[in-house]
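A.B. asks: From first to last, the protein sequence lines are chains A and B. Counting along the first sequence from 1, when you hit position 98 you're at 98 in our numbering, and nothing is skipped either side. Counting along the second sequence from 1, when you hit position 269 you're at 269 in our numbering, and nothing is skipped either side.
Warning: the hint list may mix true and false statements.
[Unchecked claim] A few chain A residues that don't get close to chain B, going by computed Cβ distances all over 12 Å:
| hint | residue |
| --- | --- |
| 1 | VAL70 |
| 2 | GLY104 |
| 3 | GLU144 |
| 4 | LYS147 |
| 5 | ARG149 |
| 6 | PHE151 |
[What the hints assert, rightly or not] Just so you have them, the derived chain B footprint on chain A, three or more residues with Cβ under 8 Å:
| hint | segment |
| --- | --- |
| 7 | 48-54 |
| 8 | 178-187 |
No lab work stands behind these hints, which were simulated from the structure alone. Think of the CB as a built atom: it goes at the ideal place given N, C-alpha and C, for glycine as much as any other residue.
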Amino acid sequence: MPAIFLVALLTALLYAGPADAQAPAIDAARMEAAVKRSWTQASPEWQARLGQDETMVVCSEHRNSPPPAVADAILARERASIKYPADGKLMGDWKKGQKLAQSGYGGRFTDYPPRTENGGNCYACHQLSSNELSFGTLGPSLLEYGKIRKFSDADVKAVYDRIYNPQAAVACASMPRLGAGGHLSIEQIKDLVAYVMSPDSPVNK
Amino acid sequence: MSSAGRAALWLSVCALVVAFAATRAPGLAQDATDASEKEIERYRQMLKADPWSNPAMLDVDRGEGLWKTPRGPKATSLEACDLGKGPGVVKGAFAELPRYFADADRVMDAEARIVWCMEKLQGFDRAALLKKPYPGGGRATKDIGALATYIAHESNGLKLSPTLHHPKEKEALALGEALFFRRGGPMDFACATCHADQGKRIRLQGLPFLSKPAEARKVVGDWPAYRVSSSHVMTMEHRIYDCFWQMRMPEVDLGSEVPVALTMYLIKVAEGGEINAPGLKR
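The following block holds chain B by itself, in its conformation from the complex (with noise of 0.2 Å):
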């Protein structure tokens, strides 16, 4: 496709966001919901032909760049990172995420290990990294997002793999699940309130049947995913911070145990689904 072509589409697929977005209007809400899921998916069939068609791909090219250029304190790159797969291995590594690190002593995810290595090896302050991690509406991913959007793309076509070896490893995907079902905060909400049921919605907005393998597989290999309504990419860490924010939670701290069980209790449901990173959500 063109890129005038693709500027053409990608605008439309905007306009009936904002439109499914506006709308209040009788008879006009569902037909847009409908609409705008077409062209979307319309989209997402053609990304696959031509995946630069995503603006994601841009933090995949930026996270490429922030792995490879000496920054930091310690004026290092990333290219010395274990991503489980050994120090630098970058392919087929997300696929395997989260996973137990010996260093470190614990399970991590992909923002979690970034973060790691962006301290261990470049020397950046880590509470500093984690103060503000995710962008506000409108604005570009951080750096963290930017290299988790390079990391599973390098993953991209590959199945959904978690090893499960360690028991740390099985512990965090029992907590995981647990966590799943845990009802908290001042809605006695739970991730299982909408996400435990087949063709549920709020609102218009389908809710995925997370702990559902078959469709659990269809959505979770997706993210990172540039997010029309937020027009940026969000990581799976970035989109479960979400949720909280939803069921009216505080602020989750990026790479801390719930969110990296719960990411590991949604890719063993997911288990062989696969990764196509970054994805495109409404």
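The following block holds chain A by itself, in its conformation from the complex (with noise of 0.2 Å):
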């Protein structure tokens, strides 16, 4: 036998390794019957969240890395869900953009009814004003965004975007799509905007 084919057979075995070293793959259908049956007690409303958005399927099969075609049919789907402001003006107030950035309300099932508006909680992620030094690392830092773009229209609608639906400019993104998902309104959105992008803003002091 050509010394290839035993490498190759070799290989082969090698990556078969033992049948308890590799978790076996699981059907998609058997997963989604998990989690139907892991929450009968939520109310019907509240069921409505279980379920996946094709994006969300197609990201979880590939662990967020999905191949070209893939990626580009996420972009265009996920382009085609921003919606802009009647004006046009995608700024907004950034000291209300602050509060949002600071808070982590709204949408976890001890929020309802709301005693406040849902929050952007971009600090639990983002390092954006350097005045708080309470921010996470899973996203990049934010510091001094708009001020390193020379605070420019491009960059302000890229932010905008951003903010609205990641996946529109990254596909499988981490980041929620909170316009997109509906948990920011369009008026919050541009808050957020100014405060990442305005040159009062502290993210750029």
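Dock chain one against chain two, each of which comes alone in its own frame, and use the hints as you go.
C.D. replies: As structure tokens, then:
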């Protein structure tokens, strides 16, 4: 037998490995059945949250590294979800945006009936103003984000899009689709854009 | 350590944690969190020398009482409950959970098995046990939690050793792994969003990299654990329920397939890690 076949055979055997070294794949329908059976006490309204849209399905399946064709389909689909303010103004009030960036309120099962508006919870994952030291690191630092980009209009729009639906720019991005998912309103997103992009915002001081 | 010394140390840990939670002042937050982490780590070391200084030991004690006392409509103790190593064997059972149980024909973790035994042996109403199974902040853990804490403590010092012989155990592991990466809810979150990378944090809270064996081994064996910020013992299922809360998902049923499968995945990743239950968490 040529050596190359022997190598191939050995490689295949090694990769197959012992049966319990690697978990077998699970059928997606099997997983969804388990999900359905595990939230029996939730109300029908809450059970609606158990489903996945197409983007969630493929991002889960590919563990957030979709092949190029799948990624392109996600980008196109998510881009189409973005809605803009009627007057075309993408920047609101950075002071309101600052409050939203600090607040993690909204959407949890202890948040009903709502006691205040939903927050953006930006600081959970991002550094923004140098005055706030309690920031997370799951997302990139946005310190001086607007200043570094010379406050350009193109970047104002890019930030609006990124908050409204980050998966329009990066397929399977970790960040929530805050506008497309209905967690934040257009007005709130404008305030957050101002917090990131306004020359007056502490993010850019 | 004297009981007075223990109390004083305990108060200082609480004060630091409160200071950490309350502070938003520039310059103080990181220092406070470093200090509180250091203090909690010092406390953890002392727990090894004097395990009774962990408030969770009260639930170990209570759980043992609940296990051995005749209770429920059938006025029976749980001493005939089979946790996987034969009826009544508690020592070492937790180290091999979750596992397949032929009588129930499914994979169960400690909490699911406790509910099974409370229903079958003691005659408790299953639906009533599952209705509000977790305590609110500041309230003591419920009976299921105390029993799980006792059972876990009886495997203290052993290594997490999932057996994975039965096909349904292997299926639970595969399901748990897939669920770990399953994105869902209004925020598109998966477990992996926060727990599949090194050295990340939410605000100042460090996040364990749970799909990496070396990291999982350090933390998975700590559960059930006394959680300082909520002043009670949380079981692994309660901790997972709390993650789903943050993920904006509905309240997951105790003992159901999803938390059991996720626990199976975590235990498998953390295989060989030492059980140090009940642990102590922020």
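A.B. asks: Measuring Cβ to Cβ, find out whether ARG149(A) lies farther than 12 Å from everything in chain B.
C.D. replies: 25 Å, holds
A.B. asks: May I ask you to check that VAL70(A) keeps its beta-carbon over 12 Å from the closest beta-carbon of chain B?
C.D. replies: 14 Å, holds
A.B. asks: May I ask you to check that LYS147(A) keeps its beta-carbon over 12 Å from the closest beta-carbon of chain B?
C.D. replies: Correct as stated: the minimum Cβ-Cβ distance to chain B is 19 Å, above 12 Å.
A.B. asks: If you look at each residue in the segment 178-187 of chain A, do at least three have a Cβ nearer than 8 Å to any Cβ of chain B?
C.D. replies: holds (count 3)
A.B. asks: Using Cβ atoms and 12 Å as the threshold, tell me whether GLU144(A) really stays out of contact range of chain B.
C.D. replies: 17 Å, holds
A.B. asks: Just want to verify: GLY104(A) was marked as not at the interface with chain B; is every Cβ pair farther apart than 12 Å?
C.D. replies: 9 Å, violated
A.B. asks: Can you take a look at whether the segment 48-54 of chain A is actually covered by chain B? Rule is 3+ residues, C-beta closer than 8 Å.
C.D. replies: Held - the segment 48-54 of chain A has 4 residues with a Cβ nearer than 8 Å to chain B, which meets the minimum of three.
A.B. asks: Far enough from chain B: is every CB of that chain over 12 Å from the CB of PHE151(A)?
C.D. replies: Since the minimum Cβ distance to chain B is about 25 Å, PHE151(A) lies beyond 12 Å and the statement holds.
In this structure, only the earlier hint numbered 2 is contradicted, and the remaining ones agree with it.
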